[in-house]
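Trainee: Residue numbers (full-length UniProt numbering): 1 to 389.
Please note that a few of the clues may not be correct.
Derived DEER-like restraints, expressed as beta-carbon distance ranges [said to hold, decoys possible]:
(1) Ala286 with Thr342: 39 to 49 Å
(2) Pro327 with Ala279: 22 to 32 Å
(3) Asp315 with Gly374: 26 to 36 Å
(4) Asn362 with Gly254: 13 to 23 Å
(5) Leu182 with Gly363: 51 to 61 Å
(6) Ala279 with Asp326: 21 to 31 Å
(7) Val351 with Thr382: 21 to 31 Å
(8) Gly254 with Ser379: 23 to 33 Å
(9) Asp345 with Gly164: 51 to 61 Å
(10) Glu316 with Gly254: 52 to 62 Å
(11) Ser236 with Ser65: 48 to 58 Å
(12) Pro352 with Pro385: 29 to 39 Å
If you're looking for bench data, these hints aren't it; they were derived computationally from the structure.
Note that the Cβ used here is the ideal one computed from N, Cα and C, for glycine as well.
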Amino acid sequence: MLAFLTLVSIAAAGIGADAFLSSLDEQNAEDENGLDPNSNAFGNAQSIGHQIPGTSMDDIIFGTSGDEVIMGMEGHDSIEGTGGHDTLFGNSQGDTLIGNDGDDSIRGGSGNDSLSGGLGDDTLRGGTGNDLASGGDGNDYVNGFTGNDTLLGGDGNDSIRGGGGNDSLSGGLGWDTLRGGLGDDTLEGNAGNDMLSGFDGADTLRGGDGEDTIRGGAGADLLNGGGNNDWLRGQSGNDTLYGGLGADTLSGEGGNDVLIGVSDADGNLIVDATDTDGADTLDGGAGDDSILMGSGDAALGGAGADTFSSGTFVDENDLPVVQDFDPAEDGIAILYDPSTTTSTDVTLDTVPGTSDVIVAFNGTPVMTVLNGSGAVSASSVTLVPTQIQ
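Sequences and hints are given; from them, build the entire structure.
Mentor: Shown next, in the form of structure tokens:
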């Protein structure tokens, strides 16, 4: 059975404003004192702060324009704060909590809850279930806590935390801060200059438009900067980093990482003559890293046995540069399309007056290796058949 609850304010002369709660069910249109809250007027009653408890049934509760504290108790409750700065509690079942106007505080409890902040700078806490929480407009704080949660920031500069479980976080418009927490999380910054951190688990982090800062954390993470000039750090784990459009800075740090400097905003490889994604800085860090370079990129392998890759898709007037080739560990890979290539001639030419080496494929330069003279040899180079569009 549903229990419909609404709140009205009454005023007693010389006493002030009191809270009056009417409890209605589907067969009783009057409150327990015989008053119909839809037809009674109480003079100059003022809106005050109220505390409204629900029942053990499935309650539908509407607040007023004042500042309410509404507790759903047991049952699958639907609670709407309406106006004011409201505090809503859902308790143990799957509840629907809507803040609407005002700076609201909403806590879902232990069920699979749906939380919506609406207008204002809201605080949403999901609890232990698999929750859906949407901050709406304003600068919101959204925390899923445990469970596999879907957390949406909406418009505004939001702070979103996943907590335990495999969570999906989306910042929306604004400059947002997203933290994945435990589990294998998916973080989407969308528009704005966002900060994304995966923490534990094998996370997928996409910055979207804007100049984003993205950290993978522990686990094998996938990082994609998206549009504009982004900063990506894989941290520990075997990570894959896509710079996307713009002049990006990619750092693999620990683990055997893959760094890709030729990709569009969606992470699709650009291995053709239109490599215009920007001049990236690619630093593999510790581990055996694979670094795919584009036009104008600067690459450092760091410690470990690293592979530096390029191809004729780069601009020969703006070649990628390998800055720390170690002949004892590192290698060079040239990507080519066997369907359009009839010969596979590799040449190594020293730049006059320097110890730098230009690596060319069929007469087309593909990369420069600093101090490569005497270090880079034909045995350093591997040809990799690749479909190039």
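Trainee: Decide, hint by hint, whether the structure agrees.
Mentor: Now the hints, each set against the structure:
1. Ala286 with Thr342: 39 to 49 Å: With Cβ atoms ~41 Å apart, the hint holds.
2. Pro327 with Ala279: 22 to 32 Å: The hinted range 22 to 32 Å holds for Pro327 and Ala279, with Cβ atoms some 26 Å apart.
3. Asp315 with Gly374: 26 to 36 Å: holds, 27 Å
4. Asn362 with Gly254: 13 to 23 Å: Given about 37 Å between the Cβ atoms, the range is violated.
5. Leu182 with Gly363: 51 to 61 Å: Holds, since Leu182 and Gly363 (Cβ atoms, about 53 Å apart) stay within the stated range.
6. Ala279 with Asp326: 21 to 31 Å: holds, 23 Å
7. Val351 with Thr382: 21 to 31 Å: holds, 23 Å
8. Gly254 with Ser379: 23 to 33 Å: Given a distance of about 29 Å, which is inside 23 to 33 Å, the answer is holds.
9. Asp345 with Gly164: 51 to 61 Å: holds, 56 Å
10. Glu316 with Gly254: 52 to 62 Å: violated, 34 Å
11. Ser236 with Ser65: 48 to 58 Å: holds, 51 Å
12. Pro352 with Pro385: 29 to 39 Å: holds, 33 Å
In this structure, the hints that do not hold are numbers 4 and 10, in rising order.
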